[in-house]
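Residue numbers (the working numbering), protein chains in the order written: chain Y, 47 to 145; chain P, 89 to 311.
Treat the hints as calculated values from the structure; they're not laboratory data. For glycine and all other residues, C-beta sits at the position ideal for the given N, C-alpha and C. There may be inaccurate statements among the hints.
Covered stretches of chain P (in silico footprint by chain Y; criterion: 3 or more residues with CB under 8 angstroms from a CB of chain Y, positions within the stretch not fixed) [as the list claims (entries may be wrong)]:
1) 179-192
2) 238-248
3) 268-275
Restraint-style ranges between C-beta atoms, simulated for each label pair [as the list claims (entries may be wrong)]:
4) P135/Y - E262/P: 21 to 29 angstroms
5) P120/Y - E251/P: 17 to 25 angstroms
6) V147/P - P120/Y: 32 to 40 angstroms
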Amino acid sequence: MFTDGMLVRVLDHAIFGHCRTPVYLKGKVGEVVSEAGAWRNPETLAYHKPGLPLRRLYRVRFRQADLWDDYPFPRDTLEADLYEHWLAPADDAAMGDRQ
Amino acid sequence: MTAAHDHDHDHDDHDHDHDDHSHPHAPVEDHDTVTEFHLLEQALRELLIEAGVFSAADVQRQIEKQESRTPAMGSRIVAKAWTDPVFREKLLSDPKPAITQLGIDVANTPALQVLENGSGVHHVVVCTLCSCYPRMILGIPPAWYKSREYRARVVREPRVVLEEFGVSLPADTEIRVVDSTADLRYLVIPERPSGTDHLGEDALAEIISRDSMIGTGLVTPGR
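The following block holds chain P by itself, in its conformation from the complex (with noise of 0.2 angstroms):
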């Protein structure tokens, strides 16, 4: 990207509703559709080119780095807070430089909030307006994660959408939906199961799912 690009972040904050065009790059294999979306992307990405803000390299690095972020870096943050105290206790204060510390680049990302299930509360995670979600730590989100159904039934019937996704949770329990309608990024630390006082750091982040560290899943010992 050239100086003058004043928007030279991670592009984890562009996924207002128009992640359609998942291919920024020629396709390889032919789209059975091609939409509108796809046209107007190609065409300005073809025109920035053009004009120099940036290259077709840029994009593909771009690109690159976005997929090399998976729900495995949420993990490690995750089982790192779970054995660690005073790693929790940054994080949740001030989660970036806490994940910084592990080594995770997070840097020109957009701000994170880190919400903690347990105690008679369990959050669980949503964008109405569009599709924000944690990438810079969870990469990728779920195609559900996008769908409507999702952001429209999980504000005013959360118990019967986790039901379906296989959580259970008491009436006493309080859910607290979390709609990320602006400039946060919200990550959950899932609830630690009990049983798991015997592994480590590395054999928890293995049972740390991506979706209970959404809200949607909780972490199991025998997963």
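So that you can see chain Y by itself, here it is in the shape it has in the complex (with noise of 0.2 angstroms):
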């Protein structure tokens, strides 16, 4: 479970079939912006599983610069909403990358 304000890494797992998780988030570092509930999880769901148990779906923000070589808005950013099981708690060397 993570708690607002947060900074979270997107795993960087290689799947088969269904996901809600971009590519381009995946490895990138982010900050918890709020928790939005526990959903059937979209992986299994698409395959006509129960999707259970319930995943907690979190929104995400990610600074453009951190996603794109060479984003020249360093005040910009992006959200996205990604279930905790493809999130990890950010490693200090992640938050040095931040500063």
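Got two chains here, each in a separate frame; can you build the complex from them with the hints?
If you want it as structure tokens, here you go:
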């Protein structure tokens, strides 16, 4: 479980089949904006399974400059909705990256 | 729909990249090209009707319900938020009860989150994975919203894309791209333009465009 304001890293897993984690965010560090409820897991729900256990969904905000090379506007951000099993607490090195 | 059909909702969230079959009824005109998706949809629909899961009339009712939703609903919601601070507060904290209060039916539709533009932040919404859109209050999405070009480019170069929509924002405004990757749908409350203090709720609703509620437009008083 993650709390608002926590820095998280999106896991860089390869996965076969339906998944709601966009490739461009894999491995990136962002900040939890809020929790947005618990939902059936789309990765199994898509294949006629119950999608259980429910997965917590988080709104996570990234800095655009962390996502794209040479992104010229330091204030710009991007938010995405990511399930808990795709997130890990960001390590100290990642926090250093954001200084 | 029968009680056994546990997905008895509005089909608002059934927009995961299979929007090509926009005519799940007998076509009035011949399609130039009948794709495999058309055939698949037709076969599946006929089988489900035959199996008694739903009737052709149910399908028709759902289509009519979908098509009855237009951006005018969103404009009413935004105009109310601009003119009624208590409503605005409710809308931002718990959107569906506030919207229901306006007589707009959002029961059995996906979860909704409302984002407010202004104070140096400009939100723009996309669904990079498919075409998730707040259909329950904006209706059927514009074709460009579902295009690969918009979906790929607005996350990577939002300012360039916004310029193409005629939206120029200062460098010190934070552009916040919101990728609706999962179970939430997003509605943007655009910034209320200056010089509109004399306008009432209905007149304001008239000037609030669909694109301004996606974040690809600004509201201008002389629309």
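Each hint, compared with the structure:
1. 179-192: violated (count 0)
2. 238-248: The restraint on the stretch 238-248 of chain P holds, since 4 of its residues have a Cβ under 8 angstroms from chain Y and three suffice.
3. 268-275: Holds, because 5 residues of the stretch 268-275 of chain P bring their Cβ atoms closer than 8 angstroms to Cβ atoms of chain Y.
4. P135/Y - E262/P: 21 to 29 angstroms: 25 angstroms, holds
5. P120/Y - E251/P: 17 to 25 angstroms: Since the Cβ atoms of P120/Y and E251/P sit about 19 angstroms apart, the hinted range of 17 to 25 angstroms holds.
6. V147/P - P120/Y: 32 to 40 angstroms: 50 angstroms, violated
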